[in-house]
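Could you build all of it, start to finish, from the sequences and the hints given here?
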Amino acid sequence: MTSVLVVEDEPQLVRALEINLRARQYEVAAAPDGATALRLAIDGSPDIVLMDLGLPDIDGIEVIRRLRSWSRVPIVVVSARRTSEEKVEALDAGADDYLTKPFSMAELVARLRAAARRVEPAAPADDICLIATEDFTVDLLGKRVRRRGSDVRLTATEWQLLEVLVRRRGRTIGQEELLKEVWGDSFTTRSNQLRVHMARLRRKLEGDPVHPRHFITFPGVGYRFEV
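Heads up: the sequence shown begins at 1 in full-length UniProt numbering, then just goes up one per residue.
Hint data in this document are derived by calculation from the structure and do not stem from the laboratory.
Misleading hints may appear alongside valid ones.
[To be verified] Pairs of lysine to any residue, SDA-like flavour, derived with a Cα cap of 20 Å:
1) K87 x E107
2) K143 x V166
3) K143 x L130
4) K204 x D151
5) K143 x Q160
6) K101 x P56
7) K143 x A116
8) K204 x V182
9) K204 x R147
10) K87 x R68
11) K143 x A132
12) K101 x R117
13) K101 x V14
14) K204 x K180
15) K180 x L40
16) K87 x R66
17) K180 x E158
18) K180 x R224
19) K204 x R146
20) K180 x T217
21) K143 x R167
22) K180 x V164
23) K180 x R195
24) K180 x F215
25) K87 x A114
26) K143 x I131
27) K101 x S79
28) K101 x Q12
Take a look at the structure:
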């Protein structure tokens, strides 16, 4: 099922969208404000974001910019703002499409289908066991890392952190999600340790740890592994 994150602060409209989209076999999550939208975008990795611009905390244009700083998810704006300048601003910020309120459900669903078609499906991460970068290789099956022809010794925690990032390569993982994956129930006390372990992975594997190419930090958001 295609998952849609509805970012809208009008409860009646949210309810109508949830009913109609679920009836058409979409999986729906809803966010009433920008901060919640950004959190759900990180934790839930939706296939499409349906975005209102008039949000109570962060303007929708700014939410789009923040999403675009780390995500390629299709963004369809649904807004009462009608001027061409406002539409251009949203599209320049990174929106893929713009639909003006009021709208028909048939047109909205057609826009969602078009947005979904533009996304190239990613190969399942678990189908590939050997990941090679210019600086090092990761053998997920053999639980082994090699750099410049030699094995790299990692601690159990460093390997677990590396494995989570590599298996979800190209995806930004929120700090809270990463903490839960690696440290489980004690994650709330480990935020400093997460930064320490990321720094150690960079020192061991990056060609230039000060300017990392593979272990990317998105301040206030999370981390992403790039090949």
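Hints versus structure:
A threshold of 20 Å between alpha carbons decides the hint, and for K87 with E107 the separation of about 18 Å falls inside it, so the pair holds. Proposed proximity of K143 and V166 is supported: the alpha carbons are some 12 Å apart, at most 20 Å. With a C-alpha separation of about 10 Å, the suggested pairing of K143 with L130 holds against the 20 Å cut-off. Proposed proximity of K204 and D151 is supported: the alpha carbons are some 11 Å apart, at most 20 Å.
Using a Cα cut-off of 20 Å, the hinted pair K143 and Q160 holds, with the two alpha carbons roughly 10 Å apart. Of the pairs offered as hints, the one joining K101 and P56 holds, with about 18 Å between alpha carbons and a cut-off of 20 Å not exceeded. For a cut-off of 20 Å, the pair hint linking K143 to A116 is broken: about 35 Å separates their Cα positions. Taken as a hint, the K204 and V182 pair is honoured in the structure, with Cα atoms around 19 Å apart against an allowance of 20 Å.
The suggested pairing of K204 with R147 holds, with an alpha-carbon distance near 9 Å, which does not exceed 20 Å. For the proposed pair K87 and R68, the alpha carbon gap of about 17 Å is at most 20 Å, so the pair holds. Between K143 and A132 the CA atoms are separated by roughly 14 Å; this keeps the pair inside 20 Å, and the hint holds. For the hint pairing K101 with R117, the CA-to-CA distance comes to about 23 Å; that exceeds 20 Å, so the pair is violated.
Restraint check: the Cα-Cα separation between K101 and V14 comes to about 13 Å, which is no more than 20 Å; the hinted pair holds. Distance check on the hinted pair: K204 and K180 sit about 23 Å apart at the alpha-carbon level, beyond 20 Å; violated. Taken as a hint, the K180 and L40 pair is honoured in the structure, with Cα atoms around 16 Å apart against an allowance of 20 Å. A threshold of 20 Å between alpha carbons decides the hint, and for K87 with R66 the separation of about 18 Å falls inside it, so the pair holds.
Proposed proximity of K180 and E158 is supported: the alpha carbons are some 14 Å apart, at most 20 Å. With a C-alpha separation of about 16 Å, the suggested pairing of K180 with R224 holds against the 20 Å cut-off. Distance restraint check for K204 and R146: the Cα-Cα separation of roughly 10 Å lies within the 20 Å cut-off, and the hinted pair is therefore satisfied. Proposed proximity of K180 and T217 is supported: the alpha carbons are some 18 Å apart, at most 20 Å.
Taken as a hint, the K143 and R167 pair is honoured in the structure, with Cα atoms around 12 Å apart against an allowance of 20 Å. Simply put, K180 and V164 have alpha-carbon atoms about 11 Å apart, close enough for the 20 Å limit, and the pair holds. Of the supplied pair hints, the one linking K180 and R195 holds, its CA atoms being roughly 14 Å apart against a limit of 20 Å. For the hint pairing K180 with F215, the CA-to-CA distance comes to about 19 Å; that is within 20 Å, so the pair holds.
Among the hinted pairs, K87 with A114 is consistent with the structure: their alpha-carbon atoms are about 19 Å apart, no more than 20 Å. A distance of roughly 12 Å separates the Cα atoms of K143 and I131; the hinted pair therefore holds under the 20 Å criterion. Distance hint between K101 and S79 is fulfilled; the C-alpha atoms sit about 5 Å from each other, no more than 20 Å. Annotation: proposed proximity of K101 to Q12 holds, straight-line Cα distance about 14 Å (limit 20 Å).
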